[in-house]
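Q: Listed below are the residues making up each chain.
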Amino acid sequence: MSADTRTAADLRELFAGPAVVVAFALLTVPLVAGALDSAFMTPLAFPGYLVLTIGSAVGNLLFPNFALWVYWVPFAMACYGLAVIAGGVYRAARGAG
Amino acid sequence: MRRRQFIRGGAAAAGTALGVSAVGFGSPGTTEAAPSTPGPSDTIMPGTAHETPVYVIEGAESGPTAVAVGGIHGDERSGILAADRLREWDLAAGRLVVIPRANRVAVERDTREGEHGDLNRQFTPGREPATELARALWDRIVEADPDVLTTLQSSKGLYGTHPDFVGQAVFPTAAGDAVTVAETATATVNDAAVPWYMPFHDFRVGHPLSGDAPLLSHKVGGDLGEPAHIVEVTEYLLDDEAGARWTGRLATELLAGHGLERAGGDA
Numbered sequence: 001m002s003a004d005t006r007t008a009a010d011l012r013e014l015f016a017g018p019a020v021v022v023a024f025a026l027l028t029v030p031l032v033a034g035a036l037d038s039a040f041m042t043p044l045a046f047p048g049y050l051v052l053t054i055g056s057a058v059g060n061l062l063f064p065n066f067a068l069w070v071y072w073v074p075f076a077m078a079c080y081g082l083a084v085i086a087g088g089v090y091r092a093a094r095g096a097g
Numbered sequence: 001m002r003r004r005q006f007i008r009g010g011a012a013a014a015g016t017a018l019g020v021s022a023v024g025f026g027s028p029g030t031t032e033a034a035p036s037t038p039g040p041s042d043t044i045m046p047g048t049a050h051e052t053p054v055y056v057i058e059g060a061e062s063g064p065t066a067v068a069v070g071g072i073h074g075d076e077r078s079g080i081l082a083a084d085r086l087r088e089w090d091l092a093a094g095r096l097v098v099i100p101r102a103n104r105v106a107v108e109r110d111t112r113e114g115e116h117g118d119l120n121r122q123f124t125p126g127r128e129p130a131t132e133l134a135r136a137l138w139d140r141i142v143e144a145d146p147d148v149l150t151t152l153q154s155s156k157g158l159y160g161t162h163p164d165f166v167g168q169a170v171f172p173t174a175a176g177d178a179v180t181v182a183e184t185a186t187a188t189v190n191d192a193a194v195p196w197y198m199p200f201h202d203f204r205v206g207h208p209l210s211g212d213a214p215l216l217s218h219k220v221g222g223d224l225g226e227p228a229h230i231v232e233v234t235e236y237l238l239d240d241e242a243g244a245r246w247t248g249r250l251a252t253e254l255l256a257g258h259g260l261e262r263a264g265g266d267a
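Residue numbers (the working numbering), protein chains in the order written: chain A, 1 to 97; chain B, 1 to 267.
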């Protein structure tokens with residue numbers, strides 16, 4: 001395997017590896033389900049709930065004219081960033097182990 | 001109570017993991033059984049586009065009179081649903097007058113405003129209500145001679161969290177013991193109904209209504225000198241069904257705080 005190929009694989013693992021996908025899904029899916037139907041709002045939604053609510057609170061303070069649904073976009077971006085960090089921590093922990 | 005919420009929430013999480021709709025704070029399937037629905041006692045503005053029913057529930061014992069108004073803004077569905085359930089109450093004592101669709105035109109259009117603008121800006125204290133509908137509504141309220149009034153409304157955000165919105169709050173009048181009752185009612189509902197994993201959704205008590213703004217509750221406090229409450233349940237991460245349940249629970253606690261007791265316990 002060339003160095004370039006290894007670097008591309010590492011980057012893919014860093015930004016779209018299984019750990020990243022799982023972390024992103026854990027942050028977003030329970031909250032989206034609960035938002036669509038309150039019957040599906042469970043404690044699993046708590047991390048995503050914190051990200052969206054705190055983010056929209058700051059957003060509403062800075063941009064009071066924006067509707068709250070707008071903050072689903074930065075919510076998704078923030079969750080992805082957190083998922084990349086969580087994936088990196090997971091891979092580092094596994095490497096250390 | 002918090003522990004009970006936690007356990008219930010844990011069960012919900014387990015249920016979800018198993019693909020079962022175990023519900024943290026109630027599912028459509030767990031709503032109150034459809035009771036027998038009595039017909040309206042009378043109507044406001046009969047024969048017009050604004051014609052809307054009024055339901056009067058008499059308790060077995062004498063007691064205070066409460067008026068509950070839904071649909072003052074036509075697009076605030078949870079308040080309308082909750083008012084529809086209030087008219088199916090059995091009362092142990094007192095009298096409850098329910099107007100579920102105050103602004104019928106706006107309700108049917110699913111818009112905030114009806115034919116003549118925002119109905120809840122037409123009740124300036126000390127003056128005649130601004131439109132024919134507002135006058136008819138006010139006359140019916142005065143005729144009921146309420147000891148307390150509540151309007152069942154909704155908002156898109158969270159009071160204190162989203163500075164531009166007033167959802168998840170009760171706004172009491174400064175009249176009577178409305179503030180104290182609101183504080184007790186919100187604490188009870190926060191403890192019993194709002195899940196621990198939605199901490200920003202805890203209800204708050206808003207500033208007391210001073211009596212000079214043109215809202216129905218201000219006019220009740222200012223002109224009648226009676227307690228009134230605006231119940232604002234959020235639409236943020238909450239569907240209409242759950243919003244109606246929380247609205248109903250708050251109305252139950254608020255009206256109980258003013259001496260209006262349901263027969264056979266609360267919702």
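Treat the hints with care, since some could be wrong.
Some chain A residues judged to face chain B by a derived CB distance under 10 angstroms, without partners named [claimed, not checked]:
(1) Thr5
(2) Thr7
(3) Phe24
(4) Leu31
(5) Leu36
(6) Met41
(7) Thr42
(8) Pro43
(9) Tyr49
(10) Thr53
(11) Ala57
(12) Gly59
(13) Ala67
(14) Leu68
(15) Val73
Over 12 angstroms on every C-beta distance to chain B, these chain A residues come out as not near it, computed from the model [stated by the list, open to error]:
(16) Arg6
(17) Ala9
(18) Leu11
(19) Leu14
(20) Phe15
(21) Val22
(22) Pro64
(23) Ala76
(24) Met77
(25) Ala86
(26) Gly88
(27) Val89
(28) Tyr90
(29) Ala93
(30) Arg94
(31) Gly95
Calculated directly from the structure, the hints in this document are not laboratory data.
Idealized CB from N, CA, C, for every residue including glycine.
Q: Of the numbered hints stated earlier in the document, which are not met by this structure?
A: Hints 1, 2, 3, 15, 22 not satisfied by this model.
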